[in-house]
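Asks: Single-letter residue listing:
There are 2 protein chains.
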Amino acid sequence: MASIKCFSASCWTILVARRISPSTFTPSLLGSVPNSQVITKALLHQDVTAPSCSVDQKKNFLLKTPKGTHDVDPKQMTIREKVFSIILKSFKRHGAEGIDTPVFELKETLTGKYGEDSKLIYDLKDQGGEQLSLRYDLTVPFARYLAMNKISHIKRYQISKVYRRDNPGRGRYREFYQCDFDIAGHYDPLLPDAECLKIMYEILSELELGGFLIKVNDRRLLYGILATCGVPDDKFRTVSTVIDKMDKISWDKVRREMIEEKDLSPEIVDRLGEYIRLNGGLAVLEHLCNDSLVSQNTMAMEALSDLKLLHSYLEIFGVADKVTFDLGLARGLDYYTGVIYEAVLLRGPEEPHNVPDNDTDKIAGFGSIAAGGRYDDLVGMFDSKGRKVPCVGISIGIERILSMAERKAEESFKNIRTTETQVLVASAQPHYLEERMRLITALWSSGIKAEMLHKKNPKLLSQLQYCEKTGIPLVAIIGEQELRDGVVKLRDVTTREEVNIPREDLIKEIQKRTS
Amino acid sequence: MASIKCFSASCWTILVARRISPSTFTPSLLGSVPNSQVITKALLHQDVTAPSCSVDQKKNFLLKTPKGTHDVDPKQMTIREKVFSIILKSFKRHGAEGIDTPVFELKETLTGKYGEDSKLIYDLKDQGGEQLSLRYDLTVPFARYLAMNKISHIKRYQISKVYRRDNPGRGRYREFYQCDFDIAGHYDPLLPDAECLKIMYEILSELELGGFLIKVNDRRLLYGILATCGVPDDKFRTVSTVIDKMDKISWDKVRREMIEEKDLSPEIVDRLGEYIRLNGGLAVLEHLCNDSLVSQNTMAMEALSDLKLLHSYLEIFGVADKVTFDLGLARGLDYYTGVIYEAVLLRGPEEPHNVPDNDTDKIAGFGSIAAGGRYDDLVGMFDSKGRKVPCVGISIGIERILSMAERKAEESFKNIRTTETQVLVASAQPHYLEERMRLITALWSSGIKAEMLHKKNPKLLSQLQYCEKTGIPLVAIIGEQELRDGVVKLRDVTTREEVNIPREDLIKEIQKRTS
Chain A
1 MASIKCFSAS CWTILVARRI SPSTFTPSLL GSVPNSQVIT KALLHQDVTA PSCSVDQKKN
61 FLLKTPKGTH DVDPKQMTIR EKVFSIILKS FKRHGAEGID TPVFELKETL TGKYGEDSKL
121 IYDLKDQGGE QLSLRYDLTV PFARYLAMNK ISHIKRYQIS KVYRRDNPGR GRYREFYQCD
181 FDIAGHYDPL LPDAECLKIM YEILSELELG GFLIKVNDRR LLYGILATCG VPDDKFRTVS
241 TVIDKMDKIS WDKVRREMIE EKDLSPEIVD RLGEYIRLNG GLAVLEHLCN DSLVSQNTMA
301 MEALSDLKLL HSYLEIFGVA DKVTFDLGLA RGLDYYTGVI YEAVLLRGPE EPHNVPDNDT
361 DKIAGFGSIA AGGRYDDLVG MFDSKGRKVP CVGISIGIER ILSMAERKAE ESFKNIRTTE
421 TQVLVASAQP HYLEERMRLI TALWSSGIKA EMLHKKNPKL LSQLQYCEKT GIPLVAIIGE
481 QELRDGVVKL RDVTTREEVN IPREDLIKEI QKRTS
Chain B
1 MASIKCFSAS CWTILVARRI SPSTFTPSLL GSVPNSQVIT KALLHQDVTA PSCSVDQKKN
61 FLLKTPKGTH DVDPKQMTIR EKVFSIILKS FKRHGAEGID TPVFELKETL TGKYGEDSKL
121 IYDLKDQGGE QLSLRYDLTV PFARYLAMNK ISHIKRYQIS KVYRRDNPGR GRYREFYQCD
181 FDIAGHYDPL LPDAECLKIM YEILSELELG GFLIKVNDRR LLYGILATCG VPDDKFRTVS
241 TVIDKMDKIS WDKVRREMIE EKDLSPEIVD RLGEYIRLNG GLAVLEHLCN DSLVSQNTMA
301 MEALSDLKLL HSYLEIFGVA DKVTFDLGLA RGLDYYTGVI YEAVLLRGPE EPHNVPDNDT
361 DKIAGFGSIA AGGRYDDLVG MFDSKGRKVP CVGISIGIER ILSMAERKAE ESFKNIRTTE
421 TQVLVASAQP HYLEERMRLI TALWSSGIKA EMLHKKNPKL LSQLQYCEKT GIPLVAIIGE
481 QELRDGVVKL RDVTTREEVN IPREDLIKEI QKRTS
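The listed protein sequences correspond, in order, to chains A and B. Just so it is clear: in the first sequence, position 165 is 165 by our numbering, and no numbers are missing. Just so it is clear: in the second sequence, position 70 is 70 by our numbering, and no numbers are missing.
Any given hint might turn out to be false.
Remember, identical chains collapse to one label, so a pair may be satisfied in a single copy or spanning two.
[As the list claims (entries may be wrong)] Taking lysine-lysine and the DSS-like style, the derived pairs with C-alpha atoms no more than 25 Å apart in a straight line are:
| no. | residue 1 | residue 2 |
| --- | --- | --- |
| 1 | K89 | K469 |
| 2 | K92 | K508 |
| 3 | K408 | K75 |
| 4 | K469 | K92 |
| 5 | K92 | K456 |
| 6 | K456 | K388 |
| 7 | K512 | K92 |
| 8 | K455 | K92 |
| 9 | K408 | K161 |
| 10 | K119 | K262 |
These are calculated hints, taken from the structure and not from any lab test. Everything numeric in this text was worked out from a predicted model, so none of it was measured.
Work out the full structure: start from the sequences and follow the hints.
Replies: Pasting the structure below:
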């Protein structure tokens, strides 16, 4: 740190202040000695450009954002706003209410909810009082909120940042947005689950990111199959973590890891492999229902019956064509208890709408962009009486979508507008600052988005160039003649056409042209 | 912490897993023994309602948000969205671009920027790597962003949360939103400053919070007066901190603190008191210009000349009537170098629009709701070549405004709507679940905001009650007769009037009625 290797700015301030003794540097002299003013300014504002320290300080000072985080520039913000607006519109179309929770929670609120990933949680320094951690997702704070406020049913959305000390990579950050929609409450089976998948489908379609696929499984089915194949129950979690890698590494590697690292017999792994590599439509569910081993497992059969009901609802919602049942989907988080799902993008810009059964070869290589599932026990973990509130939800992982949308935008429109300014108030002559200010005041008070250059006498050329650079479509020009005639010269930046508009009609004309 | 005093959930899982030996609890049995399933479920989902641990765990578990933070419920969110939308509209009306920065910064980025308040910064635990702190405001990250990206001019807004370990109190939180607008770049004097004050004025007017007052001062004027009165320059900062208390405690107390704690002579303090208790319009500036002491201080005279120019601009912008020059305004932050300002609400619901000179008695007692100023040296502190980018900005402190708006909303409309749902799809008869799902799918795909109850066979009464409770204005009812006739019965929830609408006209009818 700069402040250790070299004097800190305030250290330096004190040194300078001492070097100048009160006798030679009395306050009453301050006004008349320009040099001392400079020193005082430096002193007062901790100006680190001052000599003795600046070089070292500068060298040691790291100008960056923390690892795995990034700033969002105006162009990215513009795209982000559009993406958020599509997501929010869908959430609201389904009657969701918004809530907000703090960025940090008591550490114990997050304890025991994320399995092996708990090591990725950011802890705050204990500065006298509570042990705090940055939220890891929006689901656990939501469950805490429900239990704390004794809410037994709600359809809520939340769009906020979450924090994970993961290894940063392509589209993977340590700080990232999640857009969550959840339905809490006792309802008839699979109806809320189907609506969640419908929303996921709507959003991914409306974002126009290309082909996508929603993989669906059920924790009960997965664990039922693990049990059926002879995996000891204390290895369910750790084996699931390996299963989750199947979309990244080959089955051979997954198989080896299960045998060598998880200590499963080759027979068990091979039996398991027959099941967890299955994926496809309704036929897969039927196949499993008739399987001699699986059909003996009550938990698995419950899940299969639920998935079939879910499929019938998804058909009515017009979503089934994008859904594939994938027995190898495990999802890392501890809290899921039923249906789980994950959306992935398909490779290539022009994917067919229908996903063929048993074909996940076309999945693009950067992981899921949306996921979720049912978690019926999480709220109960926070409730003093263990009272359960069944929940199901989705979480849209916005960063990967954004980086795709940004790439797309980069290609289509090089000069994406980052402001919404409708008109620049300009003058071709000097000494019209006050007139420009008067005109812009009138425009602002009518709700017109207007700018003027913060120069007393800007050149007309630089005013026009500003419009071209920032995409402002209109210029309202005033000068001696216009003021005398009570008009404003309205210029279309693209066509360069200029028309004199009576001052009283200007606002209507601007509104008309930019609506 | 619960996990120390009692077994943690995962600890308990392992214990249970060991107690049940593989011989008596083989996986293949799992499907047929209901009891073991319950145990497995608990085991898999870390169900802490399980016997041995639950009671203690529950007792020790604190269900709360961290000190000084709070959840935002759907009603508050609805008001918040309205407030944000007004603020954002004003920012965009003035041509601002949006940016976003991470919630934490490298600790050294924040070091030496906040004076005595630095102790309120939240630090993160060093988890191998960087020393991080939660942002204290949006200004320092903005300056870091400008320096890092070598941006020399920008008009930007940012609406984000900031973090201060302050003592929580009425409308004062440790996590709170700031809505910032800043203009960076070399421009003609006081033009950007005037626009900032114009925006502050617009937003506070449009929020309709009642009367308000914008206090304006200049750091150079304040320090010039301190020098003029004989305050030693190494005490400028600490004396300013005391001056800043003048809006909370009486002059007598401020005077005593300056003499007893800051070690100033009573003569100096009394001389100072003559100046810093001055406030009012242009006359105050004229008075100081003619003051025999102040007129000798170049820095103070520069500031006075700037404030006069600022006043002339504010008059054109129609803002001057809410502005008072207040020589006792100091502002705590280190980085200000010129004009500073702060907006306060006036007491009483019906304040006059014009604020009389020398009258700040009516200021409501809960501090500023918006503030800002000029900081010309901050970006240079981050730049490797010390290259300066002059900046000026405002920050709207939203929490106090929100708590006021919420109180107001509470009084006016008891039943504020938290969703935007236009229609509930319902049925009076059982067995119409699939038909409801078909109809709602059609509505959603036309962009209609629609809900249905997640019940197979809900009663009509409970469907109507849901509408009344949540404010949904329309119900689309289907049953045997309606399906046969190809119509939907559209019910107005308020008037209870019902009309049969041909199915093909339904979307248009809903849009018409809810537009």
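Asks: If a hint holds in the structure, say so; if it does not, say that too.
Replies: Do the hints match the structure? See the list:
Proximity of K89 to K469 under the C-alpha cut-off of 25 Å is restricted to the inter-copy arrangement: shortest distance 22 Å between copies versus 31 Å within a copy. Taking identical chains as interchangeable, the C-alpha atoms of K92 and K508 lie at most 25 Å apart only when they sit on different chains, with a minimum of 19 Å there against 33 Å within one chain. Taking the shortest Cα distances, K408 and K75 sit within 25 Å of each other inside one copy (13 Å), while across copies they are farther apart (37 Å). Taking the closest pair of Cα atoms, K469 and K92 come within 25 Å of each other only across two copies (17 Å); inside a single copy the shortest separation is 36 Å, beyond that limit.
For the identical chains of this complex, K92 and K456 are inter-copy neighbours only, at 23 Å across copies versus 47 Å inside a copy, given an alpha-carbon limit of 25 Å. In this assembly of identical chains, K456 and K388 lie within 25 Å of each other by CA distance solely across copies; the values are 21 Å between and 67 Å within a copy. Taking the closest pair of Cα atoms, K512 and K92 come within 25 Å of each other only across two copies (19 Å); inside a single copy the shortest separation is 30 Å, beyond that limit. Taking CA atoms no more than 25 Å apart as the test, K455 paired with K92 passes between copies only; the shortest distance there is 20 Å, against 44 Å inside one copy.
In this assembly of identical chains, K408 and K161 lie within 25 Å of each other by CA distance solely inside one copy; the values are 23 Å within and 30 Å between copies. With identical chains, the CA atoms of K119 and K262 are at most 25 Å apart within one copy only, with a shortest distance of 20 Å there and 48 Å across copies.
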